[in-house]
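Protein chains: 2
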Amino acid sequence: MPAVENHQIVLASRPCGLPDASHLQLRATPAPEPREGQFHIRHSYIGLSPSARIRMGGDSAYGAGIALGEMVPGQTVGIVSRSRHPQFREGDTVVTNGGWQEYSLSSGKSALLIDPAEVSHQDALGVLGTSGLTAFVGLTTYGRPASGETLLVSAASGSVGSIVGQIGLRLGCRVVGITGGPEKCAYLTQTLGFHAAVDHRAGDFTTALAAACPGGVDIYFENVGGTVRDAAWSLMADFGRVVLCGMIAEYNDMTSSNGPSWFPILSKRLVVSGFLLRDHLDRAQEYQARAMEWISQGQLRMRYDISDGLATAPAAFARMLAGSNFGKSLVRLAHD
Amino acid sequence: MPAVENHQIVLASRPCGLPDASHLQLRATPAPEPREGQFHIRHSYIGLSPSARIRMGGDSAYGAGIALGEMVPGQTVGIVSRSRHPQFREGDTVVTNGGWQEYSLSSGKSALLIDPAEVSHQDALGVLGTSGLTAFVGLTTYGRPASGETLLVSAASGSVGSIVGQIGLRLGCRVVGITGGPEKCAYLTQTLGFHAAVDHRAGDFTTALAAACPGGVDIYFENVGGTVRDAAWSLMADFGRVVLCGMIAEYNDMTSSNGPSWFPILSKRLVVSGFLLRDHLDRAQEYQARAMEWISQGQLRMRYDISDGLATAPAAFARMLAGSNFGKSLVRLAHD
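Just so you know, the protein sequences line up as chains R and X, in that order.
Numbering (the working numbering) for the first sequence: 1 to 336.
Numbering (the working numbering) for the second sequence: 1 to 336.
One should not assume that every hint holds.
Distance condition first, Cα-Cα at most 30 Å in a straight line; then the derived DSBU-like pairs of lysine-lysine [unchecked claim]:
id: 1; chain 1: X; residue 1: Lys109; chain 2: R; residue 2: Lys268
id: 2; chain 1: X; residue 1: Lys268; chain 2: R; residue 2: Lys268
id: 3; chain 1: X; residue 1: Lys109; chain 2: R; residue 2: Lys109
Hints in this document: simulated from the structure, not taken from any laboratory.
With the hints as extra help, turn the sequences into a complete structure.
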């Protein structure tokens, strides 16, 4: 077997605002050989996640930063191409945190074996991946939905938001999604079955949102921050729960903007909770079992926004941060 | 029995800022006679509560407003002076919501019978009254303190805050109080046994607060809002809980000010909860039983700020809203 060349994307400089080719650069390295207890994976897809943007800014309260010259982290799916590990064999499909590169090594730790007859590579990274688990943990643990309650989701056509809304539907909620543009709104109501969708780019956004939530909002699943959050905030019902999962609209800002007034927390007896997936990884099996059942019944699906080739990752990442993607952003690797 | 004259304080006009004699006026009315199933109470003390200020502003998200010409509501303690009720007899000591007046009628609904051999009239309105119950419900239900955790309380020498801190001590917390001025700080550490007290009027407040909470704040019991809240916010520890009980610093404002950035909610996985006592009145018996035990052991006490005569109520109320009181504000009625 001749030595294989691996390509990866590394952080060349820290972005201020949206990252571009000056911050994220392609580098060629030899593909590493597995030692005893390891296996070698040829990635088919890399999943792009907004949280990587925070880590590009350096260490923060959110977690450790990516060092300059270091590869960008990310979840991957691929085929085991060579194994010196007892449980993973050549040809197995595995999900790992392989990073933004073509090949990776794994010791099997936190690697998830996938049956490709049951789940596509895309769904393995999408519905069953960190986005889906994030949606499930956030909604069930912190949103605590009851049948008949109104669930409002921002970034609703995105990878987390679309799963939050669909799980809400399965649990009997009235589901309203906030997204950008008429095409995404139609996707939410017509394809996913949301009860209503509101376009945050439309001029009448605030009025339309209030009209879509006539009884107020019992659960607000917050993915974006900024003005969308403030509009949702004014509609919270008594005893409402706000689940804070992300604030993508504010990740590129260098300043930390104020939140809304705390008066409604008191007068409406709200609970505002934040969570990070890393504290809840022990719930992956529970989620995957339920998600597999919903997927097989056609009740849980995700749309993917695919860009081809590792070199397209930086542009696809910037497009996602700008909200121009439509569905979970994946980079497909051809390996020709 | 000759007809008795009753005096009460009514809302004459809506205040903007601190209320004064132009907003709150004394009125003489005949003392009402009890009908069958009612009893007549001669008040000994009226408790002043900041929430009355919100209701003076009119209807709000916080609750119904006080109509112009209507008496100001408030909790009272007193002696049954005439009864046509089977369970309440002449000479009984009762706590009721009698309002800012000398005499009231009660049907017994939500009236609490007090044994004056066990509890003073002051403690009946203070430690055992709504302030104490508010402290107990907020801390145990929403703060969920664990032994060894750091509990930070604002308005710590006030009626709610001082009880929050003392219950925290009984439950094994490291308790830090925020209050105004060296005298109140000394009261917290020397009389009540708080581990530390920080003066929010001192020039080095932010630095001193951080030094008093070296491991961060696990529970912040929030009574005031404004800049004190913002200083506490920056010290929250991972998985911290913020219990929002009041925002007295903002009650006189006509505008609703912004809250702090939501980033820490996400990065530190915080839970911010608001509550109103009226949703938790069913816990009064549980609290009173525990409080009586702590009182008898000398482990729960309250300081009172007493002003004499109904006519002093408006000035005492304004003094409390301005933070110039020291202890639970009570108006004592002489009945000579």
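Go through the numbered hints given earlier and state which of them the structure violates, listing their numbers in rising order.
3
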